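Colleague: Please model the entire structure based on the sequences and the hints provided.
Next come the chains, spelled out residue by residue.
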Amino acid sequence: MRTITIKLPQYHGVPVEAERISPDVLSGLSIKEISEIEVWQGNRRLRLSDIFLISGDPDPDRPENTRIVLEGDLSKVKRIGESMSAGVVEIIGDAGMHAGNSMRGGTLEIKGDAGDWLGREMRGGRIIVEGNAGNYAGAGYRGERCGMRGGEIIIKGNAGAFLGEHLCGGTIEVMGDAGDFPGCANQGGTIRIHGHAHLPGAEMVKGSITAGSARVLPSFAYEDIVELGGLTYKKYVGDLVENGKGELYVASGQIGK
Amino acid sequence: MRLQIEDVLCTFCGCLCDDIRVEVDGGRIEKVRGACRLGSSKIMGHSRIKSPMIRVNGELREASYEEAYRKAAEILVSAKHPLLYGWASTTCEALKKGILLAEEIGGVVDTTATVCHGPSIIGIEEKGLVGSTLGQIKNRADLIVFWGCNPSEAHPRHTLRYSSNASGRFIPEGRKDRKVLVIDVRETRTARNADRFLRIQPGTDYEMISALRMIIGGKAESLPEDVAGVSRKELVEIAEMMRSAKFGAIFFGLGLTHSRGRYKNVDNALSLVSELNSHTKFVIMAMRGHYNVTGAGQVLAWSSGYPMAVDYARGAPYYNPGETSCCDLLSRRDVDAAMIIASDPASNLPRGCVEALAEMPVIQIDPFENPTTFFADVVIPSAIAGIEAEGTAYRMDGLSLRLRKLVDTEYPSDVEILQAILDNVRRLRDDN
Amino acid sequence: MIIKGGIVYDPANGIFGEEMDICIENGRIAEDAGGEVIDARGLLVMPGGVDAHSHIAGPKLNTGRIMRPDDSRMGTEPRTGVCRPSTGYTVPNCYAIGYRYARLGYTTAFEAATPIIEARHTHEELEEIPIVDKGALTLFGSNWTVMECVRENDMEKLAAYVAWGLRAARGYGVKIVNPGGGEAWGFGSNVKSIHDPVPHFDVTPAQIIRALAEVNERLRLPHSIHLHFNNLGRPGNYTTAIETLELLKDIKPSRMRQVVHVAHMQFSAYGGTGWKDFESKASVIADYFNQTDHATMDLGQIIFGPATTMTADAPLEYANARIGHQKWSNHDIELEESSGVVPWVYMRKMPVNAVQWAIGLELALLTKDPWKVVMTTDHPNGGPFVNYPEIIALLMSREKREEEMKTLHEVVRSRSTLPSIEREIDWSEIVIMTRAAPARILGLEDKGHLGIGADADISIYNIRPDEIDPSKDHAKVKAGMSRAKYTIKGGAVVVRDGEIVAAPQGRTYWVDAAVPERDMDRMLSSLKEKFERYYSIRMSNYMVQDAYLSNPFVVRAGVQPLKEVI
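Residue numbers (this note's numbering), protein chains in the order written: chain G, 476 to 732; chain V, 30 to 461; chain P, 2 to 567.
Note that these hints are calculated values from the structure, not bench results.
From a predicted model like this one, the values you see are computed outputs, not experimental measurements.
Do not rely on the hints blindly, as some may be mistaken.
What the hints assert, rightly or not - Under the rule of at most 30 Å between Cα atoms (straight-line distance), these lysine-lysine pairs were calculated in the BS3-like manner:
#, chain 1, residue 1, chain 2, residue 2
1, V, K248, G, K709
2, V, K109, G, K482
3, G, K709, G, K681
4, V, K262, G, K710
5, G, K507, V, K109
6, V, K208, P, K350
7, P, K350, G, K720
8, G, K720, V, K248
9, V, K60, P, K529
10, P, K277, V, K275
11, P, K531, V, K60
12, V, K205, P, K531
13, V, K275, P, K193
14, G, K720, V, K262
15, P, K277, G, K720
16, G, K709, V, K262
17, V, K248, G, K681
18, V, K205, P, K529
19, G, K681, P, K350
20, V, K275, P, K250
21, P, K529, V, K434
22, G, K507, G, K631
Said to hold, decoys possible - Just a few of them, taken from the derived set where beta-carbon distance is under 8 Å, the chain P residues facing chain V:
#, residue
23, N63
24, R66
25, G187
26, I538
Claimed, not checked - Per label pair, the in silico range of CB-to-CB distance:
#, chain 1, residue 1, chain 2, residue 2, range
27, P, P200, V, A249, 30 to 36 Å
28, P, E446, V, M30, 46 to 52 Å
29, P, A548, V, G87, 55 to 61 Å
30, V, R225, G, G704, 44 to 50 Å
31, G, G670, P, K407, 51 to 57 Å
32, G, K720, V, S273, 27 to 33 Å
33, P, P79, G, R537, 30 to 36 Å
34, P, A548, V, R50, 18 to 24 Å
35, P, T81, V, E91, 53 to 59 Å
36, G, G625, P, T81, 33 to 39 Å
37, G, E513, V, R50, 45 to 51 Å
38, G, K720, V, A249, 19 to 25 Å
39, V, A249, G, Y486, 51 to 57 Å
By construction, the Cβ of each residue, glycine as well, lies at the ideal position given by its N, Cα and C atoms.
Modeller: Take a look at the structure:
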């Protein structure tokens, strides 16, 4: 497997947009060519090597045989791994907004925290975040009817608000808590939140949401106690304001509490 | 010579009242009639900035306009990600120039909507907006709902001109022919004048709206007896009040958009109104604050496709509130210079944003001194739009009106100032 | 400037594909000229395109943009040395509208519906649209003053109001949308037929239409009434269409043109009792147009893919939103209109959409006289105007139509006559449908043709009419028409090789119609009362000020004898 290492030696205040850092774009390029790919910092068009140090295996390979390792404080570097379809991107530290945008395959690993819009409009592949994720993980773009459509996002810490908004497919798992409105307008995806969720599944019509505890909307109908993976959950169906048939499983908590 | 000018537009709030009478004498405004207290004081004016100023060694010093334009252009050209913020209290023509400037320097344009009805706009992106002009409500609405807003204090002539107390073709008796419902977390003056007041717990708007949608959709029996502290019975009565109106109108304010739930609250309210139209006629409208905050959104929309928070850094407009909106950019320190026009972020933005502004080069364009002046590096005094300069403004319902020039001034208009800065930007570019 | 050696189509002047030179002096076609020579040897040359029905400016456009950031992010192009940035596909920003029309070789586009009270906004947007000449039609069909004049049968007063309304809106012509329905929608209902009285006003849509048509001719307006039928978009509505057209048969036109222009005919040529037995009645409609001479139409062709529907027919938009489970914006306009905006997607495998697609083409192909037909998509209702080359290719090639039909739901074969239509439109007919006819229908005397003195609005395409067979080479037709080799606007080259090279400000056309002073005075005194009691703004702040038209072109009209009012 070809490894390409991209280091950010210093922190930048004005964010850097680096949507070309993805195995699909870099795998077939020499190190010199990689140094010259375009990134933007605010209104300045730069070469990758203007702000990053690039090293790694010199020979081009296929995307699926490529691993990109990013090091440094990347919390202001946006759109890493955008549209990637194969290979591995590993971020040693925090990632900026829109990591894994429209991702179709491969693996994106973030060892620290992820910024907002992680895996926005994702269609396939796998994202693993060791820390927390910001708002709108697995969500869509403003005004669109679909967010994430496929693939898997695992967040080992907490997730921000609007997790999986307009989710149309795929799976999101959050080991900690989720912010307000996880799974709103869910149209067929699966969300598992091990911690607390505030008003999950608003306007969901399909799919399922599981939460360790939750404040449940009054427009969900309680059905029964069910057992899932050895634990008991209250099962609700909703969101009835949309005549939804979504399933909401809550280990503890209830409507309006 | 004393001159009386009729049908003047008031440049205070989103009501954009256009029936004000102003008396002018010797090039000065002497008297304002027909405006509310807030509007009157705005039109009369207060402490003007007398001269352009540039900060040197920590102190603002008087400078010529040419020096100020040049300095402003230098700041903007050297910035990697400048923010051009404000725009709600000036003309559409000024913003048109501002957008052109932003395109040329690769900056972000955002309006004060970001701290008021920005969430409402995001809600509209989810659901659309079922609305009307204010005159439609004046002529027809037999139910007025004020949700999380208090026009008695913030939009004083709204009720008389457009809503609860106005009379119209199908509402000849005005207030007698209408019911007024107020939904809020506290009993405001508006609530005390209502036929019915529903007090809700802070942060429960979304649940309340979902419950109302359930009742309107015929699913009341699936609701719990108590919804976030309000009884189902009371909610059924409120829903019935809405459904039985011939023409209902909801006006909503920051109580809905800036409480927990934010744009989802508006999103849900838009659906409620949409669904009420299966039973009767209903519209909804945001109570916009600054007199031309609506116009700022309109100009940005036709210029860029987006109504606020537009980032031109990469040459094509990019829009993503939460990322490209003023507060987010400042609190994350994603921008490195700011031009503030006709606005006072030092008083209106959260503390973290103000601290960020204080750390970066700031250009201020405003007729009046305000707390933002205290950390601005370049201060450019301007003519007062709608009093000393003409131009266009949009009322909260989207109707556009032309602001008039009432008195002469020595100050350049915002349009002239922005054009001069743009000229200096182009000159600097050519020199390099 | 001289354009040398092009194969010129100028059907208005009897020129059907002749090799000839065109001279331009001072922005107009001239006998001879010097200066720049444009080598157009063997290339297709025609007058600049004229769009007679498009939604390009005003509140409903911005409503569409604001509710659709998902659309605005499509079609994004950064600024260049000449161009401001472009965004959007179905709801492009103002700049994109001008550039995209120019790239297609279009030099004129008319906004089809503006309420008077919101016309200032429309002009603000028109001002921002670069290159093309433009104008806006003004809505009168659900207006209180209009309905009251009709009820009182006071045609002098109505004429005065229409003249005043056009001036107030700086409008070009009389637009009528679902007459009466906009008022009924003020309390959430609609009118169901042309004889269904408008609640509270005691007039019928038929009376409104007839009166406005009479007044339109009394005022000798350059354009006829421009009508969006009642019941538009509903199965079985072709009977409403014919019934309405019959109402207007005996009205004498005051100029050499039609008495009524039907907007987006496709949406009103539906058979069936519901969506299940929905079928095309295009052949019945086309027969009617073939047998009569008082009406013209534009197509309102649909294009598969995303659209944004926007219309003053607010009840229709409510129905659309319900059917499509879509976002819905509605905007009622005090004393004048209502309106709505709903995003849409036309799908190939959806039976209704497949039939709608066929209807537009049937109308164009079955109507014998191309002067009665204007090619439009009712942008962006049927789809964005950038797809005009697709329609041109479909009209010119039966083979392409057959290929397309294979990708559609099979009902397109049983519920329309399209499969049996052999006609292939030729270049002259295309030029008529996209240039000469819309100019004549709008009453734009200097547009749509290349006679001496005409506006030097010219498009030149990388298509060699002597070498290409559009029936077989439809892909080349589509590609060639999508990017003009040259677009010349008012004598200036604005597009070269499909790229914008200059973006001058176009003109805005409006009609100033004179009426006798006593009629105007009488009308104004009752209108003043409306402002005192019902409007939410003052009359003195109502009219569009001159500041909003930086480059106006005023067309004079009026009641005879011509007498100017203020």
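Colleague: Looking at the structure, which of the earlier hints fail to hold?
Modeller: Going through the list in order, the structure violates hints 6, 10, 20, 22, 29, 35 and 37 and respects the others.
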